[in-house]
Amino acid sequence: MNGSSATKRFGTWAIAALLALTLAPSTDTHAAKAPAKINVWKVYEEANKAKDKKDFKTAVAKYLQIALEFIAKKEFNNAALMYNKAGDLQSQLALYDDAVKSWDLEAANWTKANKTQEAIAAARKADWIRSRFELYVADESAAGSVYHGVKYEPRNGTLLGAYAENDPAVHNANGGDKFYMTDFPALTGKKHAMYLLYTTYGLNFFESYKRHIDIARKEGVALQVALQPMKGLGAVQDDEYLRSLARSARDAQIPIFLRFANEMNGSWVKEWYSADPKPYIEKFRIVAKVFHEEAPNVVMVWSPNYFPPDNITKYYPGDDAVDWVGVSMYQTFNGSLDPLKKGIDRSSYIEKFDHIYKLYAKKKPIILSEGAVSYTDPVLHSDRNAWAAYQTKVFYESIPLLYPGVKAVVWFDATKKEEGRLNSYLLSKSPSLLGAYKQSVQNPYFLSGVTENSKVAYKSLASGKLAAKPQTIAAYVKTVSPILGKVEYSMNGKLVAAAKTAPWTLAYDFTSLKGKTVELAVKAFDDKGASVSSRTFKLTIQ
Numbered sequence: 001m002n003g004s005s006a007t008k009r010f011g012t013w014a015i016a017a018l019l020a021l022t023l024a025p026s027t028d029t030h031a032a033k034a035p036a037k038i039n040v041w042k043v044y045e046e047a048n049k050a051k052d053k054k055d056f057k058t059a060v061a062k063y064l065q066i067a068l069e070f071i072a073k074k075e076f077n078n079a080a081l082m083y084n085k086a087g088d089l090q091s092q093l094a095l096y097d098d099a100v101k102s103w104d105l106e107a108a109n110w111t112k113a114n115k116t117q118e119a120i121a122a123a124r125k126a127d128w129i130r131s132r133f134e135l136y137v138a139d140e141s142a143a144g145s146v147y148h149g150v151k152y153e154p155r156n157g158t159l160l161g162a163y164a165e166n167d168p169a170v171h172n173a174n175g176g177d178k179f180y181m182t183d184f185p186a187l188t189g190k191k192h193a194m195y196l197l198y199t200t201y202g203l204n205f206f207e208s209y210k211r212h213i214d215i216a217r218k219e220g221v222a223l224q225v226a227l228q229p230m231k232g233l234g235a236v237q238d239d240e241y242l243r244s245l246a247r248s249a250r251d252a253q254i255p256i257f258l259r260f261a262n263e264m265n266g267s268w269v270k271e272w273y274s275a276d277p278k279p280y281i282e283k284f285r286i287v288a289k290v291f292h293e294e295a296p297n298v299v300m301v302w303s304p305n306y307f308p309p310d311n312i313t314k315y316y317p318g319d320d321a322v323d324w325v326g327v328s329m330y331q332t333f334n335g336s337l338d339p340l341k342k343g344i345d346r347s348s349y350i351e352k353f354d355h356i357y358k359l360y361a362k363k364k365p366i367i368l369s370e371g372a373v374s375y376t377d378p379v380l381h382s383d384r385n386a387w388a389a390y391q392t393k394v395f396y397e398s399i400p401l402l403y404p405g406v407k408a409v410v411w412f413d414a415t416k417k418e419e420g421r422l423n424s425y426l427l428s429k430s431p432s433l434l435g436a437y438k439q440s441v442q443n444p445y446f447l448s449g450v451t452e453n454s455k456v457a458y459k460s461l462a463s464g465k466l467a468a469k470p471q472t473i474a475a476y477v478k479t480v481s482p483i484l485g486k487v488e489y490s491m492n493g494k495l496v497a498a499a500k501t502a503p504w505t506l507a508y509d510f511t512s513l514k515g516k517t518v519e520l521a522v523k524a525f526d527d528k529g530a531s532v533s534s535r536t537f538k539l540t541i542q
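Residues 1 to 542 (the UniProt record's numbering) make up the sequence shown, in order.
No lab work stands behind these hints: they were computed from the structure.
Where hints are given, some of them may not hold.
What the hints assert, rightly or not - Derived BS3-like pairs: lysine-lysine, alpha-carbon spacing no greater than 25 angstroms straight-line:
1) Lys-514 - Lys-465
2) Lys-459 - Lys-469
3) Lys-191 - Lys-486
4) Lys-191 - Lys-231
5) Lys-538 - Lys-500
6) Lys-528 - Lys-486
Please work from the sequences and hints to get the whole structure.
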C-alpha cells in the first residue's frame, strides 16, 4: 500500500495546526512569578512593528530575544512560536542557513512542549531548505562495513527489486508474450534480483501464483510476498492454514521475503491498523514463528511506513521475530508545503531513509519494501518529469554513500489512483524517469541476484584525511534548490573539475600533494546555472 496520500493529509493538518496557533499568555504560575529580564510583550510589539515596516533583520533579532526569555521561563510553546516567526523572516531574507537553525529550534521547543505534530512540521520546514554537503572517497576496503550475516543479505551492495506485474509494457496477466520477470529487465537494461507480489491472508498464494514461482525459480530471482490480513488480525492464528502456507513457501524452493501486514503504523490500513500495537506484535510473532519453523528459505520482513515517524518503534515485534527491516516510502510532489511559499517541493527522497536507518540499520539489513517517485503532481496532475528524474537519480546514486546498510530496494512500477490523487510511477510511461532509473541501476553496486556482492564502496571524508594517490571523490549535495545542474570543485582557489550529475564525482591525483593541507571548495549550481550554495573542506593529504 502507498501511504503518500495519508502523509499529505497528515502533513497538511500539522502545518495548519501550527499556523493556527497564536501567541498564548503563560499559564505557568511559577514562570509568572519569575523576574523578567525584558518586557516580553513590549519587545514583541516592537518586533511586529519592525516586521510591518519590512525591517526583517530587526524583527528577527527581537523574536530571537523573546524566545530565549520564554525558554528561561520554560514556556516552550511560546518559544517555538518565536522561532517559527524568526525562521519565516530569515527565509524571506534568503538567509536559509539561519532559517534552518531557527526552525530546528522551533522543532526542539515543540518537542519539549509535547507537541509532536508541530515538531514534525517544523523539522520538515528546516529539512526542505537545509544545505548538506558531504564528501566520500571510493575505497573497496570499506566493502562489508555494514553487514549482519542475515539470510540473503549481501555483504556489500543492494539487491535490485521491483513491483512490475501492473505495467502493461512488461506484463500481460492473460498470458501472451509479456512477463515482467523477463520484460522488466529488458525495459530497464538490468536483471533484477527480486519482485514484489501481494496476497491476502487466507488464500494459498503459492497455488494461485504457481506460474510466477516457476518462472522465478527458472530466472533465479527472489520474491517479496506482501501477506495482508484483509479480514483483520483476528484471523491470524497458528493453525493448519498458516502451517500449510509456510510449507508451500518452503516447497517453492526460491528465496522469499515475507512482509506481513505492512504499514501497520498508518491508520489508512484500516483492516489491520490498531493504535494499540500489542495485537499487531502478537500476530507478527505468530507468523514469524511458524515460517521460521517450517520454511528455512523465508525471511521475515517487518515493514512500517516511513510516516508517521513518531510511532514506528511501538510496533517493532522483537529482534528474534524480524530478519529484515523494511519501509514503504514514496516521493510525490507537494508544493503546498514549501516553507518559502513558492509552490516548490524541496524535499529529498533519499533523506526519508534517515529515521528508519538510524533506528535499525545497526542490527538489521534494511529494505525499501516498496517505493517510487511520481512524475505527475498527484493533486494538480501536472508534469513533474524533470523533478522525478532528478530525485530518482540522486536516490539510487546516494545509497552507496549515505546508507550502505540498505541492502535491497523495490521500485513500485505502477500507477495509483485514490481519492482524486494520481501517483504515476510507471517507468514505461516517462522516458526521462526511465532514463534516470536505467542509468542509475547500471552501477555495479546494485545486484541482480541474492548470492551476489559488490566491490563498490565508499568511506566518509569527515576526518579530512586523504591518502596521497589517485582518488575518486563523490559527494552528496542538497540545497534549497530542488534540482541541481552542476557541482564544481576548486582546489586552493583553482577550478579542477565540474560534475553534471549525482554523485558529483571528482577524479584527482593527490600524489604530489603529500604532506600538505588543501582547501577543496564545493560549489552547487541549480538547473538554470545559478550558484545556490557552497562549502569548503580542509583535506590533509597523507
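Task: Violated hints, by number in ascending order, as checked against the structure - done: As far as the earlier hints go, 3, 4 are violated by this structure, in ascending order.
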